[in-house]
Amino acid sequence: QKEVEQNSGPLSVPEGAIASLNCTYSDRGSQSFFWYRQYSGKSPELIMFIYSNGDKEDGRFTAQLNKASQYVSLLIRDSQPSDSATYLCAVYLTGGSYIPTFGRGTSLIVHP
Amino acid sequence: ETGVTQSPTHLIKTRGQQVTLRCSSQSGHNTVSWYQQALGQGPQFIFQYYREEENGRGNFPPRFSGLQFPNYSSELNVNALELDDSALYLCASSLSAQSRSYGYTFGSGTRLTVV
Numbered sequence: 001q002k003e004v005e006q007n008s009g010p011l012s013v014p015e016g017a018i019a020s021l022n023c024t025y026s027d028r029g030s031q032s033f034f035w036y037r038q039y040s041g042k043s044p045e046l047i048m049f050i051y052s053n054g055d056k057e058d059g060r061f062t063a064q065l066n067k068a069s070q071y072v073s074l075l076i077r078d079s080q081p082s083d084s085a086t087y088l089c090a091v092y093l094t095g096g097s098y099i100p101t102f103g104r105g106t107s108l109i110v111h112p
Numbered sequence: 001e002t003g004v005t006q007s008p009t010h011l012i013k014t015r016g017q018q019v020t021l022r023c024s025s026q027s028g029h030n031t032v033s034w035y036q037q038a039l040g041q042g043p044q045f046i047f048q049y050y051r052e053e054e055n056g057r058g059n060f061p062p063r064f065s066g067l068q069f070p071n072y073s074s075e076l077n078v079n080a081l082e083l084d085d086s087a088l089y090l091c092a093s094s095l096s097a098q099s100r101s102y103g104y105t106f107g108s109g110t111r112l113t114v115v
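Protein sequence lines correspond, in order, to chains R and S.
The opening residue of the first sequence carries number 1 in the working numbering; numbering runs sequentially from there.
The opening residue of the second sequence carries number 1 in the working numbering; numbering runs sequentially from there.
Just so you know, the hints here were simulated from the structure itself, not pulled from any lab data.
It should be emphasised that the depicted structure is a prediction, and the values quoted were computed from it without experimental measurement.
Think of the CB as a built atom: it goes at the ideal place given N, C-alpha and C, for glycine as much as any other residue.
It is possible that some hints are incorrect.
Claimed, not checked - Far from chain S by the CB rule (all over 10 angstroms, computed), these chain R residues:
hint, residue
1, S8
2, E15
3, G16
4, N22
5, E45
6, D58
7, L75
8, Q80
9, S82
10, S97
11, T101
12, R104
13, I109
As the list claims (entries may be wrong) - With a cut-off of at most 25 angstroms between alpha-carbon atoms, the simulated SDA-like pairs for lysine to any residue come out as follows:
hint, chain 1, residue 1, chain 2, residue 2
14, R, K42, S, S24
15, R, K67, R, I47
16, S, K13, R, G41
17, R, K42, S, A38
Input sequences plus hints: build the corresponding full structure.
Take a look at the structure:
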């Protein structure tokens with residue numbers, strides 16, 4: 001089992017809809033969780049950070065963390081074509097490591 | 001405040017050759033991490049440098065080596081290039097290697113093609 005798993009997609013949603021991206025992790029003791037956005041041919045860009053159970057909102061983005069079920073989600077409200085990108089989940093696993101493990105990313109396509 | 005800069009942006013090398021990639025970290029960041037990203041995959045951790053010392057290494061062979069300089073800039077060296085080394089190489093800097101609360105600032109990457 002991979003340590004950080006994401007469905008590669010693509011996830012296709014219409015403009016204005018809510019896009020829901022999921023990430024599961026294998027290490028129950030995992031702590032900090034990050035979401036990065038990567039446009040095609042570009043480098044990843046940090047968009048969200050969450051470490052507590054529950055929701056964290058930043059503009060149209062909401063990160064949801066459920067440590068008991070070992071998943072973290074990213075919701076994008078009012079999706080826009082400019083949100084079309086690959087979304088990478090990064091998790092700090094336990095074991096004393098201060099180096100995050102990245103998932104393979106989910107490709108999101110928002111069509112007009 | 002400048003971001004993370006990487007050079008070169010693109011590179012074509014022949015199998016068996018050696019390559020050096022360079023990275024300047026964001027101002028105030030003392031930690032640099034290098035990642036390899038193959039097409040359609042997530043970034044794979046190569047190694048991290050903190051205050052000029054290697055602070056962690058991923059599952060990459062010894063022909064991948066690195067350095068960090070006193071100004072926190074860094075180099076990634078790859079010897080005896082193989083076709084599978086073709087990928088996007090990402091440099092990322094962060095405020096501290098001793099915290100799980102800081103995200104990474106990535107450079108624009110170096111696209112390496114080995115032929």
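Structure-based check of each hint:
| no. | hint | verdict |
| --- | --- | --- |
| 1 | S8 | violated, 7 angstroms |
| 2 | E15 | holds, 25 angstroms |
| 3 | G16 | holds, 28 angstroms |
| 4 | N22 | holds, 15 angstroms |
| 5 | E45 | violated, 7 angstroms |
| 6 | D58 | holds, 13 angstroms |
| 7 | L75 | holds, 19 angstroms |
| 8 | Q80 | holds, 23 angstroms |
| 9 | S82 | holds, 19 angstroms |
| 10 | S97 | violated, 7 angstroms |
| 11 | T101 | violated, 7 angstroms |
| 12 | R104 | violated, 4 angstroms |
| 13 | I109 | holds, 15 angstroms |
| 14 | R:K42 x S:S24 | holds, 17 angstroms |
| 15 | R:K67 x R:I47 | holds, 20 angstroms |
| 16 | S:K13 x R:G41 | holds, 20 angstroms |
| 17 | R:K42 x S:A38 | holds, 13 angstroms |
Hint compliance for this structure: hints 1, 5, 10, 11, 12 are broken, all remaining hints hold.
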